[in-house]
Every structure is written in C-alpha cells, then in structure tokens.
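With chain A fixed as given, assemble chain B onto it according to the hints.
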Amino acid sequence: DTAVSQTPKYLVTQMGNDKSIKCEQNLGHDTMYWYKQDSKKFLKIMFSYNNKELIINETVPNRFSPKSPDKAHLNLHINSLELGDSAVYFCASSQGLISSGNTIYFGEGSWLTVV
Amino acid sequence: AQSVAQPEDQVNVAEGNPLTVKCTYSVSGNPYLFWYVQYPNRGLQFLLKYITGDNLVKGSYGFEAEFNKSQTSFHLKKPSALVSDSALYFCAVRTTNTDKLIFGTGTRLQVFP
Numbered sequence: 752d753t754a755v756s757q758t759p760k761y762l763v764t765q766m767g768n769d770k771s772i773k774c775e776q777n778l779g780h781d782t783m784y785w786y787k788q789d790s791k792k793f794l795k796i797m798f799s800y801n802n803k804e805l806i807i808n809e810t811v812p813n814r815f816s817p818k819s820p821d822k823a824h825l826n827l828h829i830n831s832l833e834l835g836d837s838a839v840y841f842c843a844s845s846q847g848l849i850s851s852g853n854t855i856y857f858g859e860g861s862w863l864t865v866v
Numbered sequence: 142a143q144s145v146a147q148p149e150d151q152v153n154v155a156e157g158n159p160l161t162v163k164c165t166y167s168v169s170g171n172p173y174l175f176w177y178v179q180y181p182n183r184g185l186q187f188l189l190k191y192i193t194g195d196n197l198v199k200g201s202y203g204f205e206a207e208f209n210k211s212q213t214s215f216h217l218k219k220p221s222a223l224v225s226d227s228a229l230y231f232c233a234v235r236t237t238n239t240d241k242l243i244f245g246t247g248t249r250l251q252v253f254p
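Taken in sequence, the protein lines are chains A and B.
With the first letter of the first sequence counted as 1, position 78 gets the number 829 in my numbering; the numbers rise by one all the way through.
With the first letter of the second sequence counted as 1, position 76 gets the number 217 in my numbering; the numbers rise by one all the way through.
Isolated chain B (complex conformation):
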C-alpha cells in the first residue's frame, strides 16, 4: 500500500540548533514529495517539494529537504531553529498514477528559547 510516515509525533530542539523532521514514504515509481507547515488555527503553508532533479531541495523560511531514494526518505532540515518555527509539519506524497496527495500524521516541532 502506498503510504507516508512521520515516525516522530514531536521533535524538541533548542533555538539556534539544527533541526530535522523525518519522513519516509512508500510509493512505486518516482515519488513527488512535499512538506507543509501548519500554525495553530491556520491553513497549511507550502514549504518545498521534490519532483525531480537535485536531491537537496531548498524552500521557504530557510528550510531544506533531502530526497534519498535508497532510504525512501525526505527529511526536512534547518541549520538553525527559531522559536517561530514551532508548528505542525506535514510530509506528503503523490500516490502513483493518481492525482492524490496523501499526508503523514504530522510532527509537532517545538523550539525552546
């Protein structure tokens, strides 16, 4: 079955430290991968996507993600976390031969001052 997994419900990091939010996927063929962020009581905001090309994708607000085909992963990273990065992060993947995005269960990022 096609799926996307975010193995951590919550990630805690101190401000200024690097952060990683993990995502793994299971789809056949070439995956289209996305990261979104959701602040409290708000909609989802697009951060970045991988469709093809360079495995390291840079996105909004200093975030980047690395596509790793052998590990079927697409982890979200930022070199230096800000308190304002605290939010709910969703990884999503397009299911093969469809136009559907399926979302992971979300990871809550908490950045402490």
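This is chain A alone, in the form it adopts within the complex:
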C-alpha cells in the first residue's frame, strides 16, 4: 500500500543509453513532481504536473522528458545518459498546489548510476 512508488529503485547503465523511471501514486493526488538529489544531497525540482498539465519545468537538459499519462502516473525518460546524470531521482505528489498549503509526499527514490 505504498503511497508514491517508483521503479526501478536501482539502475546502473552505460553512457549514451536511454532509460525511464516510472512513478505511480495511489493517494488520489492531483499534482506530481520529479526532484533530483545529487551526491551532496542537494535537492532540486525538475518538473511538476498538475492534473496532467506541466506547470514547472526547471532548466533541465532536453534529454529529460516527463510524461504524465494520467493523474496517478508521472514517468521520467532520459535520453543519451551522461555521467553527470548519476543521482537519486525522487518522485513526489501532493493533493494540489503548494500555494494552497498542500504537502508534498515523496517516493523512496531511484538511484541512477551512469558508467
């Protein structure tokens, strides 16, 4: 009964490959996010979707493309992986917008290592 679940949890891949990370939430939330945590534990938002519509798109390389097929899912596809993409990627969700006082709930993370 995990609230925000991501797969895979661990991913080791070679430079130049294309990979996807999937995320699903069973909380009935309208808003979903992708965050990146680097090796120094610094957390930064990448994307946010509200009701399947992209509302936040930080300065992230075009190689990163989110896709939200429905409100419960937000997948992250990464093309032409580079060494610097190695990080932990967190999916998260909230009932609605943070500006309405909502709380973000995080998944367990996907550890991506590019070799």
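Any given hint could turn out to be false.
No more than 16 Å apart at the CA atoms, straight line, and that leaves these computed lysine to aspartate or glutamate pairs for EDC-like [stated by the list, open to error]:
1) A/K803 with A/E775
2) A/K792 with B/D240
3) A/K791 with B/D150
4) A/K795 with B/D240
5) A/K818 with A/E859
6) A/K791 with B/E149
7) A/K818 with A/D769
8) A/K792 with B/E149
9) A/K822 with A/E804
10) B/K163 with B/E149
11) B/K241 with A/E809
Among chain A residues calculated to face chain B with C-beta under 8 Å, some are [as the list claims (entries may be wrong)]:
12) E804
13) I807
14) F815
15) F841
16) G852
Just so you know, these hints were derived from the structure itself, not from any lab.
For each residue, glycine too, the CB sits at the ideal point set by N, CA and C.
Structure of chain B alone, referenced to chain A:
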C-alpha cells in the same frame, strides 16, 4: 534572491537531551515552511509545516518547530532526542508566487547513546 539556509552541516546531541536544527529563510510575503527527514537510502518523510496560524507547529515523532517572522527562522526542535532520530533533516520554503519548494542543504543529526 529567495533562499533557505541550514547553517549547520551536522548537529550532535546526546540521547535524552533537547535538540535544535536551525533553518532561516529569505522570501517575500508570507512563507510556507516545511521540515522533512531522510533516513539512509530512503525518501524524504514529511515532519511538519507552517502555513499560517500558531507560530509553534507540532509534527510527527515528537518534533516541533517555531516560526519566527522577525528572525526569519523556522528551527526544528525536540525536547528529548532518540538515537533513532539520527538522520538528514531538510528545511524547505515555498518561493513567492510560485508552486516551487526550495530545499536547504540539509543538516545531519547524530544522536549518541
């Protein structure tokens, strides 16, 4: 620029003693402030938030935080630390007129038996 700062990389405290993890912020308007905890190899868990109302906010696992507008601070506190509280703690603030949360750099709390 809007920001949130956690001035201590690490806080060490003996079990049973009170703990404080510091957070200061810089945003215009009324801040929305959050605390999260991250255990090793895990996701972030929500502890508490301040949106409006009482400046003292109580949260999960016995933690509380005090919003101080004049000092632009939102320090996390617990009266009696447990060894199991040892983890990485993040303060976050919503940036003005956006729906983004920006996170501090994290403070590692180490509670010694």
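Comparing the hints with the structure gives:
Between A/K803 and A/E775 the CA atoms are separated by roughly 13 Å; this keeps the pair inside 16 Å, and the hint holds. For the hint linking A/K792 to B/D240, the alpha-carbon distance of about 22 Å lies beyond 16 Å, and the restraint is violated. Our distance criterion of 16 Å between C-alpha atoms is met by A/K791 and B/D150, whose separation comes to about 11 Å. For the hint linking A/K795 to B/D240, the alpha-carbon distance of about 13 Å falls within 16 Å, and the restraint holds.
For the given pair, A/K818 sits about 19 Å from A/E859 by alpha-carbon distance, which is inconsistent with the 16 Å threshold. Note on A/K791 and B/E149: the hinted pairing holds, with a Cα-Cα distance of about 14 Å set against a maximum of 16 Å. Using a Cα cut-off of 16 Å, the hinted pair A/K818 and A/D769 holds, with the two alpha carbons roughly 15 Å apart. At most 16 Å may separate the alpha-carbon atoms for a hinted pair to count; A/K792 and B/E149 meet this at roughly 14 Å.
Taking the CA atoms of A/K822 and A/E804, the gap is about 9 Å. The hint holds against a cut of 16 Å. Taking the CA atoms of B/K163 and B/E149, the gap is near 7 Å; set against the 16 Å cutoff, the hint holds. Under the criterion of a C-alpha separation no larger than 16 Å, the hint pairing B/K241 with A/E809 is consistent with the structure, at around 10 Å. Look at A/E804: its Cβ only gets to about 12 Å from chain B, farther than 8 Å, so that hint breaks.
About 6 Å separates the beta-carbon of A/I807 from the nearest beta-carbon of chain B, less than 8 Å, and the hint is met. Annotation: A/F815 was flagged as interfacial toward chain B, and the flag is violated, the nearest CB pair being 17 Å apart, outside 8 Å. Taking 8 Å as the C-beta contact cut-off toward chain B, the hint placing A/F841 at the interface holds, the least distance being around 6 Å. Interface hint status for A/G852: upheld, as the beta-carbon distance to the closest one in chain B is roughly 4 Å, under 8 Å.
Going through the hint list in order, the structure does not satisfy hints 2, 5, 12, 14.
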